[in-house]
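Please build the complete structure, drawing on both the sequences and the hints.
These protein sequence lines are chains C and X, in that order.
So the working numbering is basically just the index in the first sequence, starting at one, shifted up by 31.
So the working numbering is basically just the index in the second sequence, starting at one, shifted up by 31.
One or more of the hints may lead you astray.
With the C-beta cut set under 7 Å, the calculated list includes, among others, these residues of chain X facing chain C [unchecked claim]:
| # | residue |
| --- | --- |
| 1 | Lys-150 |
| 2 | Phe-155 |
| 3 | Ile-158 |
| 4 | Ser-203 |
| 5 | Asn-207 |
| 6 | Phe-208 |
| 7 | Gly-213 |
| 8 | Ala-214 |
| 9 | Leu-227 |
| 10 | Ile-231 |
| 11 | Ile-238 |
| 12 | Tyr-244 |
By construction, these hints were calculated from the structure, which means they are not laboratory data.
Quick reminder that beta carbons are idealized off the backbone N, C-alpha and C, glycines included.
Number of protein chains: 2
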Amino acid sequence: MSFNKIVLIGAGRVATQLARILVEKQKTILQVFSRSDESAQQLSSISGAEPVTKISLITLNADLYIISVVDDAIETIAKQLTLENKLVVHTSGSVQMKTLSTASSKFGVFYPLQTFDKKKNISFSEIPICIEGSDKQVESDLITLGKELSKDVRIISSEQRLYIHIAAVFASNFSNFMYLIGAEILEYADVDFNILAPLIKETADKITKNHPYLSQTGPALRGDFKTMQKHLDMLEGHPEKKDIYKNISKFITSYFSQQKNK
Amino acid sequence: MSFNKIVLIGAGRVATQLARILVEKQKTILQVFSRSDESAQQLSSISGAEPVTKISLITLNADLYIISVVDDAIETIAKQLTLENKLVVHTSGSVQMKTLSTASSKFGVFYPLQTFDKKKNISFSEIPICIEGSDKQVESDLITLGKELSKDVRIISSEQRLYIHIAAVFASNFSNFMYLIGAEILEYADVDFNILAPLIKETADKITKNHPYLSQTGPALRGDFKTMQKHLDMLEGHPEKKDIYKNISKFITSYFSQQKNK
Chain C
32 MSFNKIVLIG AGRVATQLAR ILVEKQKTIL QVFSRSDESA QQLSSISGAE PVTKISLITL
92 NADLYIISVV DDAIETIAKQ LTLENKLVVH TSGSVQMKTL STASSKFGVF YPLQTFDKKK
152 NISFSEIPIC IEGSDKQVES DLITLGKELS KDVRIISSEQ RLYIHIAAVF ASNFSNFMYL
212 IGAEILEYAD VDFNILAPLI KETADKITKN HPYLSQTGPA LRGDFKTMQK HLDMLEGHPE
272 KKDIYKNISK FITSYFSQQK NK
Chain X
32 MSFNKIVLIG AGRVATQLAR ILVEKQKTIL QVFSRSDESA QQLSSISGAE PVTKISLITL
92 NADLYIISVV DDAIETIAKQ LTLENKLVVH TSGSVQMKTL STASSKFGVF YPLQTFDKKK
152 NISFSEIPIC IEGSDKQVES DLITLGKELS KDVRIISSEQ RLYIHIAAVF ASNFSNFMYL
212 IGAEILEYAD VDFNILAPLI KETADKITKN HPYLSQTGPA LRGDFKTMQK HLDMLEGHPE
272 KKDIYKNISK FITSYFSQQK NK
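Written as structure tokens, this is what we have:
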């Protein structure tokens with residue numbers, strides 16, 4: 032089946048970007064739920080949906096319910112919903128599908144693997160969408176919906192999804208934090224952060240051509256302890272940065288020496 | 032002055048990409064030096080320069096000598112060169128300019144801030160080039176050369192350059208290692224690494240719009256200890272990954288709580 036009447040539960044970054052793309056694809060969003068009146072109103076203005084701030088006001092007239100709230104709140108919300116045989120999905124990387132079984136007999140996962148921003152709109156068609164369904168029909172219906180939004184739709188189990196989410200924490204959250212540490216270090220030298228932009232873009236771009244194993248460079252890979260010591264000396268007044276520099280460098284050195292010995 | 036006759040000392044990634052752009056800009060590379068015959072030949076074939084494998088064979092007829100070798104070797108090579116008043120520069124982020132003072136009375140630094148690959152050619156015009164000169168004339172001559180290659184040429188002191196290099200290690204080497212860890216975690220789940228490509232590209236792309244402070248997301252930022260514990264449980268069999276996950280998450284949590292209390 033094709034879903035045309037949707038209720039969005041949540042009004043954060045993922046919900047906002049989902050609302051945009053669903054409206055663009057001619058879907059009707061009946062309601063948006065958020066505990067915060069302001070967030071509900073905001074998302075309502077994008078999607079044309081009725082804003083609701085109480086779970087009890089959620090309509091039973093939709094054919095798809097998308098729960099897109101912080102991981103911790105999914106279970107609580109699922110327990111408050113009674114959707115009978117209407118399909119309910121969540122959009123989380125780390126929450127097991129079966130958490131939704133209290134809300135309906137039909138449930139699934141619709142996890143778009145991307146870092147979202149409320150304001151910065153991105154092309155949805157490239158985003159991998161990880162699908163899981165409580166039965167084959169649900170799975171197939173969610174694949175149909177996924178393909179309306181993206182070229183890259185994949186069947187992914189709850190366990191695989193959890194690994195994907197951990198990998199994403201490293202590849203995205205932790206990378207961004209590395210940029211942030213870089214930005215602070217430049218402040219010590221009164222150099223503008225924009226000097227790093229071409230380097231950051233090229234580093235990310237390389238992985239589309241080569242596995243990151245082949246793109247690794249730097250003093251830790253080369254075993255250049257003299258340069259690493261210079262860097263550590265400069266970070267003397269910044270113990271947390273110094274520690275993380277040491278820890279990651281040590282891991283890089285041991286990782287590549289293990290690979291050589293294989 | 033404009034430099035037209037150049038000797039390249041070194042045949043690694045930086046030297047190779049410099050050779051390409053210099054030839055493209057109609058510069059004559061007289062010689063390329065590498066201790067390895069193969070590397071010297073390889074770079075000679077790109078640049079049309081004479082390959083030499085002995086320092087004593089380096090000509091005195093050039094007007095610029097670019098030392099582009101591993102950091103540790105720069106001092107040794109500078110001690111072996113006697114270039115009188117010919118300009119000699121190195122391309123390193125971490126080596127002080129004055130290391131070159133034994134080779135000539137005119138010396139400087141020409142540090143292109145980018146991650147280079149021997150094979151993947153990149154547009155040089157966007158690369159920030161950090162310039163330092165032993166005197167104002169050298170500085171101004173190097174700026175002229177820099178501007179022939181790139182739109183972004185900056186005067187940067189040895190101390191600033193060292194900070195820039197540390198920042199680059201975080202923003203590029205360490206980010207790439209985060210991608211690599213992500214790739215390995217996906218292997219545990221039998222998921223192809225290409226699933227992370229749109230996420231990695233978008234994470235890098237965000238910094239051109241926002242400071243990375245504003246782009247930080249993820250369980251550690253949210254203080255979502257339940258999700259972090261799930262991730263750590265999944266990494267149980269991989270102690271190094273588990274440690275680095277813990278260390279970086281702890282730093283993110285403490286960093287953002289300090290910012291809030293400011």
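Could you tell me which of the numbered hints above are not met by this structure, giving the numbers in increasing order?
1 and 2
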